[in-house]
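Read top to bottom, the protein sequences are chains A and B. If you want our numbering, it's the position in the first sequence, counting the first as 1, plus 48. If you want our numbering, it's the position in the second sequence, counting the first as 1, plus 775.
For the record, the hints were derived by calculation from the structure and aren't laboratory data. A hint or two may mislead.
Partial list, computed: chain B residues near chain A (C-beta under 7 Å) [what the hints assert, rightly or not]: (1) T806; (2) L814; (3) G815; (4) Q816; (5) G817; (6) P818; (7) G872; (8) V880; (9) F883; (10) G884; (11) A885; (12) G886.
So the derived label-pair ranges between C-beta atoms look like this [said to hold, decoys possible]: (13) A:E63 x B:P793: 44 to 54 Å; (14) A:S60 x B:Y785: 25 to 35 Å; (15) A:A116 x B:P836: 28 to 38 Å.
Predicted, not measured: the structure shown is a model, and the values here were computed from it. All C-beta atoms in this analysis are idealised placements derived from N, C-alpha and C, irrespective of residue type, glycine included.
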Amino acid sequence: TQLLEQSPQFLSIQEGENLTVYCNSSSVFSSLQWYRQEPGEGPVLLVTVVTGGEVKKLKRLTFQFGDARKDSSLHITAAQPGDTGLYLCAGARPTGNQFYFGTGTSLTVIP
Amino acid sequence: EAGVVQSPRYKIIEKKQPVAFWCNPISGHNTLYWYRQNLGQGPELLIRYENEEAVDDSQLPKDRFSAERLKGVDSTLKIQPAELGDSAVYLCASSLGQGPSRANVLTFGAGSRLTVL
Numbered sequence: 049t050q051l052l053e054q055s056p057q058f059l060s061i062q063e064g065e066n067l068t069v070y071c072n073s074s075s076v077f078s079s080l081q082w083y084r085q086e087p088g089e090g091p092v093l094l095v096t097v098v099t100g101g102e103v104k105k106l107k108r109l110t111f112q113f114g115d116a117r118k119d120s121s122l123h124i125t126a127a128q129p130g131d132t133g134l135y136l137c138a139g140a141r142p143t144g145n146q147f148y149f150g151t152g153t154s155l156t157v158i159p
Numbered sequence: 776e777a778g779v780v781q782s783p784r785y786k787i788i789e790k791k792q793p794v795a796f797w798c799n800p801i802s803g804h805n806t807l808y809w810y811r812q813n814l815g816q817g818p819e820l821l822i823r824y825e826n827e828e829a830v831d832d833s834q835l836p837k838d839r840f841s842a843e844r845l846k847g848v849d850s851t852l853k854i855q856p857a858e859l860g861d862s863a864v865y866l867c868a869s870s871l872g873q874g875p876s877r878a879n880v881l882t883f884g885a886g887s888r889l890t891v892l
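Using the sequences plus the hints, can you model the full thing?
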């Protein structure tokens, strides 16, 4: 049983469409991170959010941390084929050195 | 600066054989993690080291898995004997280990893909 549930599990969209990925838990985290992983590689950090309600933008990607620090969302505007990959959220617990990963969202952007 | 280095990248073995994976973390990173990842799913923690001490190994199947981190730098993860269900990607990651901090993030290696036949 994983601490963080992501939805949807799979997402296939056309280039130019918008999408949102959700990361939910009943636990509180000291910080929440989003990673993207491409085939044959390890996950690569996209962003870290630490404050409840925090919103961070990275070009066409917008990340939000829930007010209670239990959930997060990732919104991509005008998706491009280069956005294709496995998106993972990860929550840091008590000491901050324990990282628990979500179930993953596999995104495919069709040209 | 080199990132987290793992070897081998790929390993194919028959069940009941032993296998070992090696990880060299980023220089200065005190915390080292071994994760197991099945296709299309999120990584699951096997063991976490703070320097040379294993501080979280509750998810490590200790009957067949073992790990060590000598001198608090490189680490080795071993499986003996391997079972069919062990087929997965084994990821090593390291972090500064500074506790709750925006700077405390994971840097991953490329992973070692294990196939057990």
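Hint check results:
At about 5 Å, the closest approach between the beta carbon of T806 (chain B) and any beta carbon in chain A falls short of 7 Å, and the interface hint on this residue holds. A hinted interface residue such as L814 (chain B) counts as satisfied when its beta carbon comes closer than 7 Å to some beta carbon of chain A; here the least separation is about 10 Å, so the hint is violated. For the restraint placing G815 (chain B) at the interface with chain A, the shortest Cβ-Cβ distance is roughly 5 Å, inside the 7 Å limit, so the hint holds. Taking 7 Å as the C-beta contact cut-off toward chain A, the hint placing Q816 (chain B) at the interface holds, the least distance being around 5 Å.
At about 4 Å, the closest approach between the beta carbon of G817 (chain B) and any beta carbon in chain A falls short of 7 Å, and the interface hint on this residue holds. For P818 (chain B), the interface hint holds, the least distance from its beta-carbon to any beta-carbon of chain A being 5 Å, beneath 7 Å. Given hint, G872 (chain B) at the interface with chain A, holds; its Cβ is 5 Å from that chain's nearest Cβ, closer than 7 Å. With a least beta-carbon distance of about 5 Å to chain A, the hint placing V880 (chain B) at the interface is held under the 7 Å criterion.
The closest approach between the C-beta of F883 (chain B) and any C-beta of chain A is roughly 3 Å, which is under the 7 Å cut-off, so the hint is satisfied. Evaluation of the G884 (chain B) hint against chain A yields a held restraint, the C-beta minimum of about 5 Å falling below 7 Å. Annotation: A885 (chain B) was flagged as interfacial toward chain A, and the flag holds, the nearest CB pair being 5 Å apart, inside 7 Å. Taken as an interface hint, G886 (chain B) checks out: its beta carbon lies about 5 Å from the nearest beta carbon of chain A, inside 7 Å.
At about 47 Å, the beta-carbon gap between E63 (chain A) and P793 (chain B) stays in the expected band of 44 to 54 Å. Between S60 (chain A) and Y785 (chain B) the beta carbon distance is about 28 Å. The supplied range of 25 to 35 Å therefore holds. For the pair A116 (chain A) and P836 (chain B), the supplied restraint of 28 to 38 Å holds, since their beta-carbon distance comes to about 34 Å.
Hint check: a violation occurs at hint 2 only; the rest are consistent with the structure.
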